[in-house]
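Listed here are the chains, written in short residue letters.
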Amino acid sequence: MHSLTHWPAVSDDDWNALREAARRHQQAGATWTDDARGHSIGLVFFNPSLRTRCSMELAAHQLGAHATTLTPGSGTWDFAWNDGAVMDGSEAEHVRDAFGVLSRYYDALGVRVFASLSDREQDESDALIRMVADAADGPVVNLESARYHPCQALGDATALAAHFGKEDLGGKRFVLSWAPHPKPLPRAVPHSALLMAARCGMDVTVARPDGFALDDGVMEQARTYADAQGASLTESADPDAAFSDAEVIYAKSWAGNAIYDSPGAEADQRAARGDWKITADRMARTASGAAFMHCLPVRRNVVVDDAVLDGPQSIHLPQAECRLHAQKAILEHVFA
Amino acid sequence: MHSLTHWPAVSDDDWNALREAARRHQQAGATWTDDARGHSIGLVFFNPSLRTRCSMELAAHQLGAHATTLTPGSGTWDFAWNDGAVMDGSEAEHVRDAFGVLSRYYDALGVRVFASLSDREQDESDALIRMVADAADGPVVNLESARYHPCQALGDATALAAHFGKEDLGGKRFVLSWAPHPKPLPRAVPHSALLMAARCGMDVTVARPDGFALDDGVMEQARTYADAQGASLTESADPDAAFSDAEVIYAKSWAGNAIYDSPGAEADQRAARGDWKITADRMARTASGAAFMHCLPVRRNVVVDDAVLDGPQSIHLPQAECRLHAQKAILEHVFA
Amino acid sequence: MHSLTHWPAVSDDDWNALREAARRHQQAGATWTDDARGHSIGLVFFNPSLRTRCSMELAAHQLGAHATTLTPGSGTWDFAWNDGAVMDGSEAEHVRDAFGVLSRYYDALGVRVFASLSDREQDESDALIRMVADAADGPVVNLESARYHPCQALGDATALAAHFGKEDLGGKRFVLSWAPHPKPLPRAVPHSALLMAARCGMDVTVARPDGFALDDGVMEQARTYADAQGASLTESADPDAAFSDAEVIYAKSWAGNAIYDSPGAEADQRAARGDWKITADRMARTASGAAFMHCLPVRRNVVVDDAVLDGPQSIHLPQAECRLHAQKAILEHVFA
Numbered sequence: 010m011h012s013l014t015h016w017p018a019v020s021d022d023d024w025n026a027l028r029e030a031a032r033r034h035q036q037a038g039a040t041w042t043d044d045a046r047g048h049s050i051g052l053v054f055f056n057p058s059l060r061t062r063c064s065m066e067l068a069a070h071q072l073g074a075h076a077t078t079l080t081p082g083s084g085t086w087d088f089a090w091n092d093g094a095v096m097d098g099s100e101a102e103h104v105r106d107a108f109g110v111l112s113r114y115y116d117a118l119g120v121r122v123f124a125s126l127s128d129r130e131q132d133e134s135d136a137l138i139r140m141v142a143d144a145a146d147g148p149v150v151n152l153e154s155a156r157y158h159p160c161q162a163l164g165d166a167t168a169l170a171a172h173f174g175k176e177d178l179g180g181k182r183f184v185l186s187w188a189p190h191p192k193p194l195p196r197a198v199p200h201s202a203l204l205m206a207a208r209c210g211m212d213v214t215v216a217r218p219d220g221f222a223l224d225d226g227v228m229e230q231a232r233t234y235a236d237a238q239g240a241s242l243t244e245s246a247d248p249d250a251a252f253s254d255a256e257v258i259y260a261k262s263w264a265g266n267a268i269y270d271s272p273g274a275e276a277d278q279r280a281a282r283g284d285w286k287i288t289a290d291r292m293a294r295t296a297s298g299a300a301f302m303h304c305l306p307v308r309r310n311v312v313v314d315d316a317v318l319d320g321p322q323s324i325h326l327p328q329a330e331c332r333l334h335a336q337k338a339i340l341e342h343v344f345a
Numbered sequence: 010m011h012s013l014t015h016w017p018a019v020s021d022d023d024w025n026a027l028r029e030a031a032r033r034h035q036q037a038g039a040t041w042t043d044d045a046r047g048h049s050i051g052l053v054f055f056n057p058s059l060r061t062r063c064s065m066e067l068a069a070h071q072l073g074a075h076a077t078t079l080t081p082g083s084g085t086w087d088f089a090w091n092d093g094a095v096m097d098g099s100e101a102e103h104v105r106d107a108f109g110v111l112s113r114y115y116d117a118l119g120v121r122v123f124a125s126l127s128d129r130e131q132d133e134s135d136a137l138i139r140m141v142a143d144a145a146d147g148p149v150v151n152l153e154s155a156r157y158h159p160c161q162a163l164g165d166a167t168a169l170a171a172h173f174g175k176e177d178l179g180g181k182r183f184v185l186s187w188a189p190h191p192k193p194l195p196r197a198v199p200h201s202a203l204l205m206a207a208r209c210g211m212d213v214t215v216a217r218p219d220g221f222a223l224d225d226g227v228m229e230q231a232r233t234y235a236d237a238q239g240a241s242l243t244e245s246a247d248p249d250a251a252f253s254d255a256e257v258i259y260a261k262s263w264a265g266n267a268i269y270d271s272p273g274a275e276a277d278q279r280a281a282r283g284d285w286k287i288t289a290d291r292m293a294r295t296a297s298g299a300a301f302m303h304c305l306p307v308r309r310n311v312v313v314d315d316a317v318l319d320g321p322q323s324i325h326l327p328q329a330e331c332r333l334h335a336q337k338a339i340l341e342h343v344f345a
Numbered sequence: 010m011h012s013l014t015h016w017p018a019v020s021d022d023d024w025n026a027l028r029e030a031a032r033r034h035q036q037a038g039a040t041w042t043d044d045a046r047g048h049s050i051g052l053v054f055f056n057p058s059l060r061t062r063c064s065m066e067l068a069a070h071q072l073g074a075h076a077t078t079l080t081p082g083s084g085t086w087d088f089a090w091n092d093g094a095v096m097d098g099s100e101a102e103h104v105r106d107a108f109g110v111l112s113r114y115y116d117a118l119g120v121r122v123f124a125s126l127s128d129r130e131q132d133e134s135d136a137l138i139r140m141v142a143d144a145a146d147g148p149v150v151n152l153e154s155a156r157y158h159p160c161q162a163l164g165d166a167t168a169l170a171a172h173f174g175k176e177d178l179g180g181k182r183f184v185l186s187w188a189p190h191p192k193p194l195p196r197a198v199p200h201s202a203l204l205m206a207a208r209c210g211m212d213v214t215v216a217r218p219d220g221f222a223l224d225d226g227v228m229e230q231a232r233t234y235a236d237a238q239g240a241s242l243t244e245s246a247d248p249d250a251a252f253s254d255a256e257v258i259y260a261k262s263w264a265g266n267a268i269y270d271s272p273g274a275e276a277d278q279r280a281a282r283g284d285w286k287i288t289a290d291r292m293a294r295t296a297s298g299a300a301f302m303h304c305l306p307v308r309r310n311v312v313v314d315d316a317v318l319d320g321p322q323s324i325h326l327p328q329a330e331c332r333l334h335a336q337k338a339i340l341e342h343v344f345a
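Same order as they appear, the protein sequences are chains F, H and W. Going by my numbering, the letters in the first sequence line up with residues 10 to 345, in that order. Going by my numbering, the letters in the second sequence line up with residues 10 to 345, in that order. Going by my numbering, the letters in the third sequence line up with residues 10 to 345, in that order.
It should be emphasised that the hints constitute simulated quantities derived from the structure, not laboratory data. Some clues are possibly wrong.
Given that identical chains are not distinguished, each listed pair holds provided it fits within a single copy or across any two copies.
[To be verified] In silico lysine to aspartate or glutamate, EDC-like type, Cα no more than 20 Å apart, as pairs:
{"id": "1", "residue 1": "192", "residue 2": "314"}
{"id": "2", "residue 1": "286", "residue 2": "128"}
{"id": "3", "residue 1": "192", "residue 2": "177"}
{"id": "4", "residue 1": "175", "residue 2": "290"}
{"id": "5", "residue 1": "192", "residue 2": "176"}
{"id": "6", "residue 1": "192", "residue 2": "277"}
{"id": "7", "residue 1": "175", "residue 2": "284"}
{"id": "8", "residue 1": "286", "residue 2": "29"}
{"id": "9", "residue 1": "192", "residue 2": "87"}
{"id": "10", "residue 1": "192", "residue 2": "29"}
Make the full structure from the sequences, and use the hints.
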C-alpha cells in the first residue's frame, strides 16, 4: 500500500508507472491489475468537488472497490485541527481521532483540503494534509491540498499523451498562463501542472503578471525536474509573447502574493488584470494543433472566452475524462 | 442507448414495452434482461427527492449497475445556465461543461430540474433539461423537469395494472383532481399523469377550479392519445360531479395560471379553494373498488384527509413501490 | 428478519449470539454467514454521524449488501411526525408515508433520531423511533434513538472482549463516568453502555455528580441484569473513589435532570463540574491494565485530557473499529 500526499515525493519510477497505467485504462478493452478489487477507500471532502469525487467513486466501482464520500459539516460535524486544542467551541471532533478511526475502517483514505489563503505558514507547509496523514494508520491520497493536486496532474499528463498521440512529451512548448477570476484561488493546480510539465520534459513558460509568482520551493523543484530532462523553465509577464508558438496553453487563475498580508491589495491587483483573459485572438498566436487546457470548473468569459472553450483547440472535456483513467491508476498504485 | 427527456417523444412501442418490463420487474422471481449490468448512471438533483433517488439508486444496484447521486450546491457548486454568461458571480461552473464532463464518466445521466414558476417561457419550453441533454454526450433520463415526470408516469401505470389485475386499462374512469396546497407547485406530475392515463385508453376527467387549467400543449397531446384509443377527455369544475362513479382518483395540487404574472393573485385563488381537499365523503361518491392515488410527498389533511390515505381505497404506498419496478424498466431501456 | 429498535427487547440468546458474531467478524480470515448478501438497507440520519454511517455502509458492502444513506433536510425534505397533523407548514411529508415507502424499497431500514432534550415524555417513551418502526413494513435498526444506541453497545462489548482477551467479562470492574461538556447531550450512549456492562456481568459503578442521575427505568433494567449475573451496580458522586482500582473507565457526558424544566440551571450545574474532566492523575488510580473508553466524537481537553487519549490506556480507536465488526453481526441478525 502506498500513500500519495506530498506530490514531489513520488519517485520517477512510480510517476512513469502511473502514467503508463492511466494510459492503459484510457484504452477501451485494455486489461488491468486486480490490485484494487475488494478494497475500500473513504473520500473526505473539506471543499466542494465534482470531477474528483465522481471520477474517484466511479473508478473504485469499476475496479471492484468501494468508495464512501464524506463532506464534513454536511451530515457529519466540523473537526478541530490544532494540537492541544481545548475543544469547548463548535468543533465536535479532532482530526486525529476522526482519521484515526476512518483509516481503521477503510483500506485507504482520500482527502481534499484547500489552502486557507489566510495562514501562509500553514499553506506553505501543507500542514493540514500532513496532519491527516499523520493521524491515519494507512495510505492517504491527496485529492487536492494547499500545495498539490497529484490526481489532476496525472490526468493532465494522460490527456496530453492522448492529444499528441505519444507518451514522450519531451520538448513540447507548454505555457502555464495565469488568468483573471473574481475570487482569489489556491495554487495547488498550477503547482501540479508546472511540476507535471517539467517532469515530462516539456519546455515550460509560466506566464503571469507581476505579483503573481508561484511558490519559490515549487519553482525550484520544477527547475530540478527541467534540468534533469534537459528542458527549459522560464517566466514571462507578457502573455502575447508567451503564447507565440506555444503547443499547450494551460490556463488557471491563482491568488497574488499579497493575499496573506494585504487581501484588499491582492483583489485590486487581480481586478486590474482582466486583460489576461484568454481570447481567440491570443490563442491564434499559438502553434498549429496547439491545445487549450483547463482543469475545470472554469468561469466562462472571465477566465477564457466561449470562442476558445467551444472551439477546436480546447481539450478541456477529454482532459476531464482523463481524470477517470488517472484515478484508476492511482487506486491500483495505492492498493498494490 | 436511449434518452428519456421529452416524454411525448417516447414512441407507442417503447411505451408499451416499458409498461410490460415494469410489470415483469414487479413480479417476484421474474427474469429480466442483462442490459443494465456493469453500466453507470450519474443522478443530478437540482431539487430534493426521496422516492426518485432511492428507487433509482436501488434499481441500479439490483440490476448490477452503479449510481452516483449529486446535489448541486451541497458538496459541489452552483451552475450557470445561460449561453454567453459572463461568470463573474457566484456560479462556478457552466452546465455545458459540467454535463459535458459527467456524460464522459457515466454511461447515462439522470436529471431533476423543476419548473421555475417565474419564467414562463423557460418552463413551457422545458428549456433547462433541454440544455442538459444538449450538453451531455450520451443518454439523459428525466427525473422530473418543468413539464414532465416520465418515471412517475410509468410507475403509476404499473400500479394501476396491479390494482385492476390486468394490463389493459382501456375504458377505466380516471379523474385527475386538483387539490389545495400551501405552496404553488409545478405541473410535471399532473401533466404526466394525464398523458399516461390518456395513452392507456382511460376515460379521463381533469377536475380543477377555474384558473387552474393545465398547459394547452399537454391537453392537446392528451386529446390526441385519447382519440387514438377511442377514449374521452373532459374537464370539470365540480369535484362532486367528477368523483361520481370514478374508478381512479389521482390527486395533485398545481399552481394556477396567474403564477407567472401575478403570484399574489394566484396565492389568493389557491387559498380560496381549500374545499377541494379530498375527503372521505367525496371519495364515497366513487365506484366500488375505486383507487385513490398520490405521487407523494403529500400534505396530510390539506391535500387529502387522513381518513382517505389510511383507509382501504388508498394505494399510495404500492404506487410508490412501483417506482422501483419502473426504474428498472427505464434503466434497461436506457442502456439497451 | 429481525428489528433492533428497543434495546432491552433483545433476548439474552440474541445478545449472546450477536456478541459471538461480532467477535468472529473481528478475526481476520474468519468465515461468516451469507444472510446479508443481496439485501439492502436504507439508513436515515436525522442527526449527524461519522462512525455509525461509515461502519454500516462498509459493513453492508463487505457482506455483499447495499446501503443508501439519507439525511432529511439535505437533498430531501423535512418530515412531519404527529398523528393528525394538518401539514400546512414547512414539513413536506409525514413520517408515516416516508417510512412506509422506504420499507417497501429496502429490506431493512436504519434510523438515527436523537433525544429532543426538550420534550421529556417524547424522549422517555422513545416516541420517534417507535413511530418510525410503526410506519415501516419491515425491520428497523436503531442507529441511536432518544434512549438507546444498541450498535454502540455491541461494538463496546466486542472491544472489551478483545481488550481482556476473553469473551467472559463477568466480575470486571466497570465505571461509567460522567464528564464535562460545553453542550447538554442525550443519554442513549450512557444508557446503552450501562445496560451492556450489566448484562455482561461486570460490576458497574455509575460515577456522576448530583443532578445527573440516569433514567430510573434504565437503572432498574440494569439492576435486573446485574442481579441475574450476580454482579453489583452502584452509584458514586466521588470520581476519585470510583476510579480506584477500576478496570474500565467509560467516559461520557450527558445532560442533567434539570434539562427539561430549567435548561439554564442545567447549564450552570454542568459548567460547575469541570473538575470531572478525566485526567492522567485520575486514571493513575485505576487498576493495572485498565482501559479508557469513549464512544467518540470526544471533546479533547474538556471531556478528557490529551495525555489520557494519547496514552497507553486509551482504547478509543480499537473501540471505534469494533463498530464495523458489530455492524456486520447486526446486519446478519436483521436479515436472517
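Now for the hints, and whether the structure bears them out:
When the C-alpha separation of residue 192 and residue 314 is checked against a cutoff of 20 Å, the pair qualifies only within one copy, where the shortest distance is 18 Å, while the shortest distance between copies is 41 Å. Taking the closest pair of Cα atoms, residue 286 and residue 128 never come within 20 Å of each other, the shortest separation being 28 Å inside a single copy and 32 Å across copies. For the identical chains of this complex, residue 192 and residue 177 are neighbours neither inside a copy (36 Å) nor across copies (60 Å), given an alpha-carbon limit of 20 Å. Neither within a single protomer nor between protomers do residue 175 and residue 290 lie at most 20 Å apart by alpha-carbon distance, with minima of 29 Å and 66 Å respectively.
In the homo-oligomer, the alpha carbons of residue 192 and residue 176 never lie at most 20 Å apart, since the shortest distance is 36 Å inside one protomer and 58 Å across protomers. Taking CA atoms no more than 20 Å apart as the test, residue 192 paired with residue 277 passes inside one copy only; the shortest distance there is 11 Å, against 43 Å between copies. Neither within a single protomer nor between protomers do residue 175 and residue 284 lie at most 20 Å apart by alpha-carbon distance, with minima of 34 Å and 68 Å respectively. For the identical chains of this complex, residue 286 and residue 29 are neighbours neither inside a copy (34 Å) nor across copies (55 Å), given an alpha-carbon limit of 20 Å.
For the homomeric pair residue 192 and residue 87, the shortest alpha-carbon distance between copies (15 Å) is at most 20 Å, but the shortest distance inside one copy (24 Å) is not. For the homomeric pair residue 192 and residue 29, neither the shortest alpha-carbon distance inside one copy (36 Å) nor that between copies (53 Å) is at most 20 Å.
Comparing the model with each numbered hint stated earlier shows that hints 2, 3, 4, 5, 7, 8, 10 do not hold.
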